[in-house]
Amino acid sequence: MVNTWELMWVGLVNSFTPYHILLIIGGLAGGIFVGTLPGLAAIMGITLMMPFTFAMDPASGLVMLGAIYCGGIYGGANASILLNTPGTPAAICTTFDGWPMTKKGRGSEALFGSLAASVIGGLIGTFLLVIGFAPLAKLSLEFGPPEFFWLTIFGLSTIAAMSSGNIVKGLLGGAIGLFVTTIGLDPFQSTPRFNFGFDSLILGIDMVPVVLGVFCFAQMLVLLETNDAYVAEYQHTKGVVLKVFRKFFKDCKINLIRSSIIGTLIGMLPGAGACIASLISYNEAKRWDKNPGRYGTGVMEGIVASEAANNAMIGGSLVPMLALGIPGSAIAAVIQGGLLAHGMRPGSQLLLTSGEIAYTFIMSLILSNILMLFVGYYMIKLSSRILKVPNYVIIPTILVLSVIGSYSIRNSMFDVKVMFVAGILGYLFSKLKIDAGPIALGIVLGPIAENNLGLSLMLAETKPSLWHVLVFRPISTILIVMCILSVMTPLILEWKNKKTSTNQKFKCNTSSCG
Amino acid sequence: MKKIFVVLIIITLIFSLAGCSGQSGDEPKNSEPKKATKKDYPTRPITLIIPYGPGGGCDTQARILETFFKDEFGQGLNFVYKQGAGGAVGTAEAAKAAPDGYNMLSFGFPHVVLFPLSGTGKWEPLEDFDYLAQVASDPQVLVVPKESPFNTLEDFITYAKDNPEKVNISLPGLYGGAHNVQLRLFDMAGINVKVIPFQGGSAQTAALLGGEVDSGLGNFANLSEEIKAGNIKALAVSAEERRKEISNTPTFKELGYNIISTESRIWMVPKGVETKKLERLREGIEKIWNKPEYQKKMIEAGYTLDWISGEDFEQYLKDYEKEAKVLLEKAGLLKK
Numbered sequence: 037m038v039n040t041w042e043l044m045w046v047g048l049v050n051s052f053t054p055y056h057i058l059l060i061i062g063g064l065a066g067g068i069f070v071g072t073l074p075g076l077a078a079i080m081g082i083t084l085m086m087p088f089t090f091a092m093d094p095a096s097g098l099v100m101l102g103a104i105y106c107g108g109i110y111g112g113a114n115a116s117i118l119l120n121t122p123g124t125p126a127a128i129c130t131t132f133d134g135w136p137m138t139k140k141g142r143g144s145e146a147l148f149g150s151l152a153a154s155v156i157g158g159l160i161g162t163f164l165l166v167i168g169f170a171p172l173a174k175l176s177l178e179f180g181p182p183e184f185f186w187l188t189i190f191g192l193s194t195i196a197a198m199s200s201g202n203i204v205k206g207l208l209g210g211a212i213g214l215f216v217t218t219i220g221l222d223p224f225q226s227t228p229r230f231n232f233g234f235d236s237l238i239l240g241i242d243m244v245p246v247v248l249g250v251f252c253f254a255q256m257l258v259l260l261e262t263n264d265a266y267v268a269e270y271q272h273t274k275g276v277v278l279k280v281f282r283k284f285f286k287d288c289k290i291n292l293i294r295s296s297i298i299g300t301l302i303g304m305l306p307g308a309g310a311c312i313a314s315l316i317s318y319n320e321a322k323r324w325d326k327n328p329g330r331y332g333t334g335v336m337e338g339i340v341a342s343e344a345a346n347n348a349m350i351g352g353s354l355v356p357m358l359a360l361g362i363p364g365s366a367i368a369a370v371i372q373g374g375l376l377a378h379g380m381r382p383g384s385q386l387l388l389t390s391g392e393i394a395y396t397f398i399m400s401l402i403l404s405n406i407l408m409l410f411v412g413y414y415m416i417k418l419s420s421r422i423l424k425v426p427n428y429v430i431i432p433t434i435l436v437l438s439v440i441g442s443y444s445i446r447n448s449m450f451d452v453k454v455m456f457v458a459g460i461l462g463y464l465f466s467k468l469k470i471d472a473g474p475i476a477l478g479i480v481l482g483p484i485a486e487n488n489l490g491l492s493l494m495l496a497e498t499k500p501s502l503w504h505v506l507v508f509r510p511i512s513t514i515l516i517v518m519c520i521l522s523v524m525t526p527l528i529l530e531w532k533n534k535k536t537s538t539n540q541k542f543k544c545n546t547s548s549c550g
Numbered sequence: 064m065k066k067i068f069v070v071l072i073i074i075t076l077i078f079s080l081a082g083c084s085g086q087s088g089d090e091p092k093n094s095e096p097k098k099a100t101k102k103d104y105p106t107r108p109i110t111l112i113i114p115y116g117p118g119g120g121c122d123t124q125a126r127i128l129e130t131f132f133k134d135e136f137g138q139g140l141n142f143v144y145k146q147g148a149g150g151a152v153g154t155a156e157a158a159k160a161a162p163d164g165y166n167m168l169s170f171g172f173p174h175v176v177l178f179p180l181s182g183t184g185k186w187e188p189l190e191d192f193d194y195l196a197q198v199a200s201d202p203q204v205l206v207v208p209k210e211s212p213f214n215t216l217e218d219f220i221t222y223a224k225d226n227p228e229k230v231n232i233s234l235p236g237l238y239g240g241a242h243n244v245q246l247r248l249f250d251m252a253g254i255n256v257k258v259i260p261f262q263g264g265s266a267q268t269a270a271l272l273g274g275e276v277d278s279g280l281g282n283f284a285n286l287s288e289e290i291k292a293g294n295i296k297a298l299a300v301s302a303e304e305r306r307k308e309i310s311n312t313p314t315f316k317e318l319g320y321n322i323i324s325t326e327s328r329i330w331m332v333p334k335g336v337e338t339k340k341l342e343r344l345r346e347g348i349e350k351i352w353n354k355p356e357y358q359k360k361m362i363e364a365g366y367t368l369d370w371i372s373g374e375d376f377e378q379y380l381k382d383y384e385k386e387a388k389v390l391l392e393k394a395g396l397l398k399k
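Chain order of the listed sequences is A and B.
One gets our numbering by counting positions in the first sequence from 1 and adding 36 to each.
One gets our numbering by counting positions in the second sequence from 1 and adding 63 to each.
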């Protein structure tokens, strides 16, 4: 019988060696750097470093990969906040509140807030990984194709809450995103769709070039419009650290915990990554807030929701990967490859055959998150200098990075063209006040929704009825109810608001008021 | 100010676009170093296309081979990931790459044959590629969830016969080894079972562990850990002999269904590579394959070593292609 406590202790001791600490600091710095640069995603950093880890012994290699993972997912926030361009898809939501804060001159607060939220989220995610390894893995198995389908519908339904102001435009954006994902090969029969005979369109439209186009390229076009010499004004605020911690303690406790749990749970579901985790967490934070209108204007709560969730996702994604050999995210899949190349078989037997190494890896994540606070702080000091760089250097640099980032997905010029088209369209859409967020959501969730709906329909052919597969399942029913609530809530709130304002008008007519 | 701006942007964009090559090879055909003699090959790193995402089954065995590549050949491997359509996109591109000895592909069998026959892949296995080797192969296993009422292959077949279209079977994808077994089994046993293709072995394993599907055909490497742990029941394996890791599982052959099938990892180059270079590659890979350290790493990672040399493999392909055409035609899946 494997003594988990013993393994945890051994793992902790192993990760505290000077060599490992050095590796972690190096990995964090590299990861944050790659994450910060728009166009270079965390997964690239890990894939690049993978061959180097083969020369190391398994535990050290994994420790370094884990540090890069943590740093990479957090790093995107820097670019989101300072330049309104997400450094990685995980940081899309951080732009919603991070950028407005920079414009208001509160950039350093936002930067440190995102770091602290990421660290806390990461710690909670890893903590859940450590204690809930096996039971959480079982939970993730309860999610079959129908549950995944309803989860994506739930994600899409949050569009209604996201687009305060004009729900129709938000839904339009989401629909456009969904449509774009149908271009390419049908997932089951490989029939080409909407490719108009072009071979290149058969590749389909990948999410990353679209995100780079819509969020980075379009943002550069917006910057070009303004005649500003600089992106935004940088103010160095004294005592930022203390201010942020006080704010966290006062207002953000529940937000932090809820966002981290959402991040971990979504991370556990294979196929759902950091982007979805942070999107859903952001919307939940907005929904449960007393004053949802302030989200998007530059509030710390928005940053906390997004960043805590995407780092908590890390721990979650490793749960099914280590326990069942089923990676919870694309990066977890790469790390799984690393494990296999070192001769470790993830799955029910992992703890029996390589328990020490596995737990060294897991416990090192705790160390990585703690050290990230310090490495990240130093990197913030460096990256905030970006605001001192004039626009005419920043804009071409970001454009080049977007091109490189789009090309590097599949080594295909087609993706670069997609990026340009998406960027121009995104820019035009923003003029029509169709937000990029719902479009991105549509593109990320589209393939998952279609794949799982198709699987559910196929499963239903051997069951009594379609209802049995899509509805009469406990988790599905819960998700369906959440979808309905999610769509109804903003509508009900709007209706309530109208009622109170007409009441007030009425009151005003009968009493004396200006 | 604005003018400098615009000019700077245009210049940087031009440079960045020029830096991204549109071809899958490192350099186009006509820029081979003039001094290259056959003794000096390879003079620069070789581009290896992996038609899947990083971290999967194809990538991992390629990474293991890569650790020995530099010592053997003097140059390293540049990994290029081109995923899409289950491997069809990357392989089609590799077929068009320059046959200068600096482009390689690692793919799978029977995908390399079944994809084009079914119209999913745009290449000809024997006309577009020269084969370096098969390095590993994996039999398929018929499995059912832990709580399933089926305990033997006969249980499954009998139930399926009595209840046509009421049972489903999951596959990790179409036109791979599992699909091959499924087509032959259904043909031999005369059963009508609903096929559910998942996107990849992990998704299928999750569905089996969660009891979402009634049965599944999958690769031994993916499923062996869970079978050993008792979370999935194995009914039959498509190998010549029983696998010692799951010694209680009979082979299809034993049970009267002569289905021997494997899914294997193969290495190839676009057709037309100079003979000397082709031989050098084949010889080098064989040397790597024979190294005990390579074999140890592959076994630890869950692969089953199975060597077929490049020339022998081409013959193997020719034979299989004939069979495959018949199989697909019966199932109505042959491309018109």
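Derived by calculation from the structure, the hints in this document are not laboratory data.
It should be emphasised that the depicted structure is a prediction, and the values quoted were computed from it without experimental measurement.
Heads up, some of the hints might be wrong.
[What the hints assert, rightly or not] Beta-carbon label-pair distances, calculated as ranges:
id, chain 1, residue 1, chain 2, residue 2, range
1, B, K339, A, F90, 52 to 62 angstroms
2, B, K159, A, L521, 25 to 35 angstroms
3, A, G62, B, E363, 49 to 59 angstroms
4, A, R229, B, G319, 56 to 66 angstroms
[As the list claims (entries may be wrong)] For lysine-lysine, the following DSS-like pairs were computed, each having C-alpha atoms within a straight-line distance of at most 27 angstroms:
id, chain 1, residue 1, chain 2, residue 2
5, B, K257, A, K499
6, A, K499, B, K339
7, B, K224, A, K499
8, B, K354, B, K224
9, A, K499, B, K133
10, B, K133, B, K296
11, B, K339, A, K174
12, B, K296, A, K499
13, B, K393, A, K174
Using N, Cα and C, we set each Cβ at its ideal position, and we do this for glycine too.
Assess, step by step, whether the Cα of B:K224 is no farther than 27 angstroms from the Cα of A:K499, and give holds or violated.
Given pair B:K224, A:K499 holds - Cα atoms ~17 angstroms apart, limit 27 angstroms.
A:G62 versus B:E363 beta-carbon gap, inside 49 to 59 angstroms or not
Cβ of A:G62 to Cβ of B:E363: about 27 angstroms, so the range 49 to 59 angstroms is violated.
Can you confirm whether the C-alpha distance between A:K499 and B:K133 stays at or below 27 angstroms?
violated (54 angstroms)
Assuming the hint says 52 to 62 angstroms, is it satisfied by the Cβ distance from B:K339 to A:F90 or not?
Between B:K339 and A:F90, where Cβ atoms are some 31 angstroms apart, the hint is violated.
Quickly compare the C-alpha distance for B:K257 and A:K499 to 27 angstroms and report which way the hint goes.
holds (11 angstroms)
Pair hint outcome, B:K296 versus A:K499 [Cα-Cα no greater than 27 angstroms]
The given pair, whose Cα atoms are some 22 angstroms apart, holds under the 27 angstroms limit.
Is B:K133 close enough to B:K296, meaning Cα to Cα at most 27 angstroms?
Roughly 42 angstroms separates the two Cα atoms, so the pair is violated.
When you take the CB atoms of A:R229 and B:G319, is the distance between them in 56 to 66 angstroms?
violated (43 angstroms)
Given the hinted pair B:K339 and A:K174, is their alpha-carbon gap at most 27 angstroms?
Given that 27 angstroms is the threshold and the Cα spacing comes to 54 angstroms, the pair is violated.
Restraint check for A:K499 with B:K339, where alpha carbons must lie at most 27 angstroms apart
violated (59 angstroms)
CB-CB spacing for A:L521 and B:K159 relative to the 25 to 35 angstroms hint
violated (52 angstroms)
Distance restraint between B:K393 and A:K174, which requires alpha-carbon spacing of 27 angstroms or less
Violated - the C-alpha atoms of A:K174 and B:K393 are around 40 angstroms apart, more than 27 angstroms.
Comparing the model with each earlier hint shows violations of hints 1, 2, 3, 4, 6, 8, 9, 10, 11, 13; every other hint is respected.
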